[in-house]
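*Asks:* Chain by chain, the residues run as shown.
2 protein chains.
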Amino acid sequence: MIRIDATLERLDANRQSALERLFEFIRIKSISTDPVYEGECARAAEWLVAELTSIGFTASVRPTAGHPMVVARAKAAQRDAPHLLFYGHYDVQPVDPLELWESDPFGAKLVDATTGPQIFGRGAADDKGQLMTFIEACRAFRETGGLPCDLTILLEGEEETGSPSLPDFLAANKKELQADLMLVCDTGMWDRTTPAITTMLRGLVLEEVTIHGANRDLHSGLYGGAAINPIRVLAQIIADIHDDKGRITIPNFYDGVVELPDEVEEQWRSLNFNEEEFLGDVGLSVPAGEADRSVLEQIWSRPTCDVNGVSGGYTLKGSKTVLPAEATAKFSFRLVGKQRPDAIAESFRAFVRARLPDDCRAEFTSHGASPALQLPFGSETMSRARRALLAEWGKEPVLAASGGSIPIVGAFKRDLKMDALMVGFGLDDDRVHSPNEKYELSSFQKGARSWARILAALAA
Amino acid sequence: MIRIDATLERLDANRQSALERLFEFIRIKSISTDPVYEGECARAAEWLVAELTSIGFTASVRPTAGHPMVVARAKAAQRDAPHLLFYGHYDVQPVDPLELWESDPFGAKLVDATTGPQIFGRGAADDKGQLMTFIEACRAFRETGGLPCDLTILLEGEEETGSPSLPDFLAANKKELQADLMLVCDTGMWDRTTPAITTMLRGLVLEEVTIHGANRDLHSGLYGGAAINPIRVLAQIIADIHDDKGRITIPNFYDGVVELPDEVEEQWRSLNFNEEEFLGDVGLSVPAGEADRSVLEQIWSRPTCDVNGVSGGYTLKGSKTVLPAEATAKFSFRLVGKQRPDAIAESFRAFVRARLPDDCRAEFTSHGASPALQLPFGSETMSRARRALLAEWGKEPVLAASGGSIPIVGAFKRDLKMDALMVGFGLDDDRVHSPNEKYELSSFQKGARSWARILAALAA
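Chains as they are written, first to last, in numbering that gives the first Met the number 0: chain A, 0 to 459; chain B, 0 to 459.
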């Protein structure tokens, strides 16, 4: 029997001490990218080990080639409980430009806002506040009869620098880190009062192509008109990739794209996402994707092809009448559903080859590929998490998606075959990575209660 | 009465001394781009002044901000003779890589080749040998009764570095340099036994366009699919400029393009230009221009649009999932006939603007514009020059064109409203600007005879 009411009461009773613990954590300047703060990163890891040890975890600092990992483990109160792996990171972004902060980034304090109190400071949201919602939920369980699940906690110190040590660490500690499900608290809510589960992450295929023409750069006076121009060939290829409805014309590109379940589609429509504001914020007004899809679908659930860079010929100041020997473009494809990265790359290459004049050849380079990730909408895990969040917030959680990939989640999926339940309590205005980062006090407190409810629901 | 036979005989009689004069001239290391050779450039100018003075010209070294000009003037033997301005240059290209020369670049000597003797050395062809053909013709006239035309000779020392001092010099000496016609000896023959008159130079319009989209670079994970990509917009524009027959689709682009006279078209066809060899030399095999035009027309008499450079987004190593805020391309248009540079630039800009989505704007920069130049095929000057060359070589001269512009000729046309008769005796294998430069002895000797005949013909 999971004693969730007592646990929630204990969380409410612990509010003041929980806030003080988070302040203490924020005051540690664990900026991972700057070697000056190496000691602070180590101190943050040690602080977490002490914290976790104090609530009954077997915890240790684990050295890597970079900043250390923290790994902690604890058993559920009852047998045969599910085993969950929680992932978070203790490192934070640099604080510059310092002059734009309204007070000390590492001061750690509450500030009042019209929408309620906010926890102010670097890392308040990303990811110290978020990860502490989970640890506070664990503490409350410990103080009210024990954990409902077997738990492994992995806290990283290099997330903000691209997790360079993570793949090796996963490979070396596969068995220890293997669990039934991964929990991640590094995402956001839909809005201040509406929780969200990030259910889908788009995959990514990165392709570079160089079109070669003549065996050297030519003078356009001498050869202009008669010699093929690789820039023109490349431009035609880029232009051909989309039709006038914004659809990608590469054969078989949409194979494996899954339409949203009606329920999810209906939910997204009812969100009344403000397309004007989203695009207006960056100076745009017209959605550029598939004409028959909403902006939310375009960025969350539809595959894309983007040119991230193009270069060829003379690109410095002024002019040069050159006919270049080659031209290059970098492409990124965002994948969804069951689209196969290798099949997408192959279809793209065939599409390019089919458009090469006799005098041109194409040279391809892959810069990586990863499939889309999706926690099945109809899964038991999803249902339980949804009910738990509904109970806490009084609103159905949004089954959100992320247009970008989250490399860590991809690495766990690839190396440990684990799905991830991504629930977080950040808001769009948290100023993550920017001056004056904050985390809503309500996110911190109701976030901890949310995790308590989710853990109980997953164990039931 | 022009005593051309006596003059030609005198040229033949002077052959050995003419060659020795040219050797002396070649031995002066007048490399204009390297400050080390500043004194040698001055010495070349002084040598020319002495040479020209010795054959009755009023000649002087004229200082500029760079290397000096040589200006010389002489009157015809009879009154009311036409006034011609001859242009040449005494500066030469650097000689590196020196190790590729078979002997001293400034040694100046005859070498034997299967096709006959060759004058070996830097500047042998470009332009010392060529300009001396004209001076030797003048000498022979002087020694046989006098010049048939009033002559001004302008010899420059900065042609190989882009003639930086020429525009100011023309502006400051307009009246002195004004003549009825300009003569230039810096072009080539069709082949070893076929002379050529370069009758057409394509014009040039240089346009740069930057397509702006969002107000900043965007993350393709967050915005990919919904935000317009300026690279895609630019690629579509580039792709639209040509139709599948290689024709340029910009409205009114072909206004002012003049078809070749039947006689010239027939002559070009009869040349049996080796398209395979021309393209094969640079690794190509398929003419890329207008499908219904020969390669010779594509590079000589048809207008073109080429993209000389393109850039946008991330272009360094690896990948970056960026949606760039802008993309840029540099275009060059080669113009023929009476195409108006300002009209071409304006049509191009309108063509681009017509293809801009609502969320994009285009920023244009002009890098220069000049019209095509053409000495009218049916002009009296042309007829006389053709007859003169036919008499010397026993073959109709090819009415050739140059796909590139010759800036000096454009400057004289623009500033002094003078047409140019371009006759030269260089061959494609002269290795101009390269190691082991040579000039055929036959080019030097028959070139001088050709100028004698042309001067006589123009004065008749």
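Honestly, the hints are just simulated from the structure, not real lab data. None of the values given here were measured: they were computed from a predicted structure. Careful: at least some of the hints might be erroneous.
Which copy is meant is left open, so a pair is good if it fits within one copy or across any two.
[What the hints assert, rightly or not] Simulated pairs of lysine-lysine, DSSO-like, Cα-Cα distance not exceeding 27 Å:
#1 Lys-108 x Lys-28
#2 Lys-412 x Lys-319
#3 Lys-445 x Lys-394
#4 Lys-316 x Lys-244
#5 Lys-319 x Lys-337
#6 Lys-412 x Lys-28
#7 Lys-445 x Lys-173
#8 Lys-173 x Lys-244
#9 Lys-337 x Lys-316
#10 Lys-394 x Lys-174
#11 Lys-319 x Lys-394
#12 Lys-445 x Lys-319
#13 Lys-174 x Lys-412
#14 Lys-316 x Lys-394
#15 Lys-244 x Lys-108
#16 Lys-394 x Lys-74
#17 Lys-74 x Lys-244
#18 Lys-337 x Lys-108
*Asks:* Starting from the hint list further up, note which numbers the structure goes against and sort them upward.
*Replies:* 4, 6, 7, 8, 9, 10, 11, 12, 14, 15, 16, 17, 18
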